[in-house]
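Engineer: Take a look at the letters that make up each chain.
Protein chains: 2
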Amino acid sequence: MDHPVLDLSLDAGALTARLVDFRSESGDEKALADAIERELRALAHLTVDRYGNNVVARTNLGRAERVVLAGHIDTVPIADNVPSRLDEDGVLWGCGTSDMKSGVAVQLRIAATVPEPNRDLTFVFYDNEEVAADRNGLGHVAKAHPEWLAGDFAVLLEPSDGQVEGGCQGTLRVLLRTSGERAHSARAWMGSNAIHAAAPILARLAAYEPRRPVIDGLEYHEGLNAVRIEGGVAGNVIPDECTVTVNFRYAPDRTGNEALAHVREVFADCGVTEFVVDDHSGGALPGLSHPAAAAFMEAVGGTPRPKFGWTDVARFSALGVPAVNYGPGDPIYAHKRDEHVVTERITHCEERLRSWLTS
Amino acid sequence: MDHPVLDLSLDAGALTARLVDFRSESGDEKALADAIERELRALAHLTVDRYGNNVVARTNLGRAERVVLAGHIDTVPIADNVPSRLDEDGVLWGCGTSDMKSGVAVQLRIAATVPEPNRDLTFVFYDNEEVAADRNGLGHVAKAHPEWLAGDFAVLLEPSDGQVEGGCQGTLRVLLRTSGERAHSARAWMGSNAIHAAAPILARLAAYEPRRPVIDGLEYHEGLNAVRIEGGVAGNVIPDECTVTVNFRYAPDRTGNEALAHVREVFADCGVTEFVVDDHSGGALPGLSHPAAAAFMEAVGGTPRPKFGWTDVARFSALGVPAVNYGPGDPIYAHKRDEHVVTERITHCEERLRSWLTS
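As you go down the protein sequences, you meet chains A and B in turn.
Counting from 1, one number per residue, gives the positions in the first sequence under full-length UniProt numbering.
Counting from 1, one number per residue, gives the positions in the second sequence under full-length UniProt numbering.
Next up, chain A with everything else stripped away, as it sits in the complex (with noise of 0.2 Å):
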């Protein structure tokens, strides 16, 4: 297939237009990271590194701080909105555009126009964001060259309509198990019953007050909520076995240990046989009190808002480094047949970057 040419030179809107041609959905983006990382090669102040389909770049300027910019190569499968499209109004069109080429499109053109920052940068293009996290790229580097991601602050280029989101809320998947004896439903006192034995858990979870605590001046907002149900044998026999699977939005001042021995807590008494954690990842601290972040804040504006949703801000935070998010895509329409960004908001963003870490 043939694919467009990546030319850095190209204001922040044309080229997102350029990397939303260039197709990379989830698994297929080889060509794409071999041609960024055929461009960030050509950038003699830079210094290039690549694991898989990673690619990571940096200045080596000796400065006080490091900053690194990081964004996703991939997209969501293309529905019949490729090639993009620019309309009268400078909006532009096609898979991609919010979530997030307009983002990767600042990364690069900051890198090609700012070799002397007043902060050493890090640049990560990373794959499969939008798959299951175990093929995420960011989590591959970050388990094989945490080095690479070395920083005192990262900012993701995700959709985040221009604004700055801080942190994200840890999530945690139990499943809670209530049991019961067979019976046929005709002598159902002979059995007993699993599906009646769940009862006290959704009384408590119908009850269930969430925190929202200020962290950084952000207002968290958690939330204890069944996402699943089931239990039932047949039509005609009393179930031995029903199965609700809770899920925890909390905020990132609790530890995954602390959030883990709260739902314990919060279902301890109501009959349930079995709690199997099946799925956990923790929180993000936003790190907005960090100096590198505030001098961030500042040259950006607006007022920072908290991620609820949990996202790679919070490898990052892993690995001792904060980070928020902060891109020109608009997160409304990421995944949709409709998605678009405002091109003017691309320009805005990458200006914003610019004085930060040129001023």
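These aren't lab readings, by the way, just hints derived from the structure by calculation.
One or more hints might be untrue.
The list treats identical chains as interchangeable, and a pair is accepted whether it falls inside one copy or across any two copies.
As the list claims (entries may be wrong) - Only pairs whose alpha carbons sit at most 25 Å apart, straight line, appear in this in silico DMTMM-like list of lysine to aspartate or glutamate:
{"#": "1", "residue 1": "K143", "residue 2": "D278"}
{"#": "2", "residue 1": "K336", "residue 2": "E265"}
{"#": "3", "residue 1": "K336", "residue 2": "E241"}
{"#": "4", "residue 1": "K30", "residue 2": "E147"}
{"#": "5", "residue 1": "K30", "residue 2": "E130"}
{"#": "6", "residue 1": "K336", "residue 2": "D240"}
{"#": "7", "residue 1": "K143", "residue 2": "E344"}
{"#": "8", "residue 1": "K30", "residue 2": "D216"}
{"#": "9", "residue 1": "K336", "residue 2": "D161"}
{"#": "10", "residue 1": "K336", "residue 2": "E39"}
{"#": "11", "residue 1": "K143", "residue 2": "D89"}
{"#": "12", "residue 1": "K30", "residue 2": "E298"}
{"#": "13", "residue 1": "K336", "residue 2": "E181"}
{"#": "14", "residue 1": "K336", "residue 2": "E209"}
{"#": "15", "residue 1": "K143", "residue 2": "D28"}
{"#": "16", "residue 1": "K143", "residue 2": "E230"}
{"#": "17", "residue 1": "K30", "residue 2": "E274"}
{"#": "18", "residue 1": "K143", "residue 2": "E116"}
Note that the structure is a prediction, hence the values are computed from the model and not measured.
Given chain A's structure and the hints, the job is docking chain B onto it.
Structural biologist: Same frame as chain A, now just chain B:
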């Protein structure tokens, strides 16, 4: 396939063995229906009708009362337990020994050996009892030729361990749905959780106190149970629908409409957004106060028991014919690989019926 010869001059135990060896899994009853029809047509005191693989024979002596003796001729799938085997203790092993070829043997023996009963007799042999209700041969006859089933009292020779089981409870299955609004579980407050909304339903079920009414001297035992619960969209989505399937087993002093009204009332204030009747079969009163039934009880002896599960006696009840279960098999072994019957009990059952019909 070669089939055994049905010889109605054999004793009831030996005839049961022949019937067991005459394979007739549900849907494959034609050969057995043919053989039964042939044997009955050879008896001059009976008139015989056939509808599908259902055979109905009757005496026409102008007696004051008419009694129906009914049994199904199909079995569940054979599980390496045919041909039958008679052990040294007089126990006959094999598929259908209990449920209910021993009962069919008793019907055939009475048909062959009681040409001048004190009550007119109707013998019903029907197919497809062990499968879906809409295939049940007794149901087909009831619909096409209800006059064939007319009578003052009916005995189904289903396995009841030689005890009289009166009437049967009704069964009503209802789907109770709750609704919510989907949202990402990281922003649960943007949606509304349909599983949490089911909490009052489960609480009501867990607290429900079933009635145990005494009818015609028999103590029934109702039950209201969840037999299935389902809800959930994905591990990170607040679910917008949850369905609790409830099975109400009710005593035969309630009509179907009363049972339905009761269930509606129980869950009236539980946030149910949709109430769907999935399945409903009314109960049957034991009818033990009817003179024919009283004489029957006196002849067979023992203490009648209530029937908790739904059985074909309800089909007779719907036609205005009081009915009971009374058969030589032990229901505990029905549908099992080690199904068996004590041959002495078959003979005993035959003698009790003959005594009632000739005294």
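Engineer: Look at each hint and say if it fits the structure.
Structural biologist: Going down the list of hints, with the structure as the test:
1. K143 / D278: within (22 Å within a copy, 53 Å between copies)
2. K336 / E265: neither (39 Å within a copy, 45 Å between copies)
3. K336 / E241: Only across copies: K336 and E241 sit 24 Å apart there, 39 Å inside one copy, limit 25 Å.
4. K30 / E147: Classified as within; 23 Å inside a copy, 79 Å across copies.
5. K30 / E130: Answer is within: at 15 Å inside a copy they meet the 25 Å cutoff, but 60 Å across does not.
6. K336 / D240: This pair counts as between: shortest inter-copy Cα distance 21 Å, intra-copy 42 Å.
7. K143 / E344: Close neither inside one copy (37 Å) nor across copies (76 Å); limit 25 Å.
8. K30 / D216: Neither: 39 Å inside a copy, 81 Å across copies.
9. K336 / D161: Classified as within; 16 Å inside a copy, 66 Å across copies.
10. K336 / E39: Classified as neither: same-chain Cα gap 30 Å, cross-chain 73 Å, threshold 25 Å.
11. K143 / D89: Intra 44 Å, inter 72 Å, cutoff 25 Å: neither.
12. K30 / E298: neither (37 Å within a copy, 89 Å between copies)
13. K336 / E181: Between copies, since 20 Å is at most 25 Å while 47 Å is not.
14. K336 / E209: Intra 33 Å, inter 51 Å, cutoff 25 Å: neither.
15. K143 / D28: within (22 Å within a copy, 64 Å between copies)
16. K143 / E230: neither (36 Å within a copy, 39 Å between copies)
17. K30 / E274: neither (44 Å within a copy, 51 Å between copies)
18. K143 / E116: So K143 and E116 fail the 25 Å test inside a copy (30 Å) and across (92 Å) alike.
Hints 2, 7, 8, 10, 11, 12, 14, 16, 17 and 18 from the earlier list are contradicted by this structure; the remaining hints agree with it.
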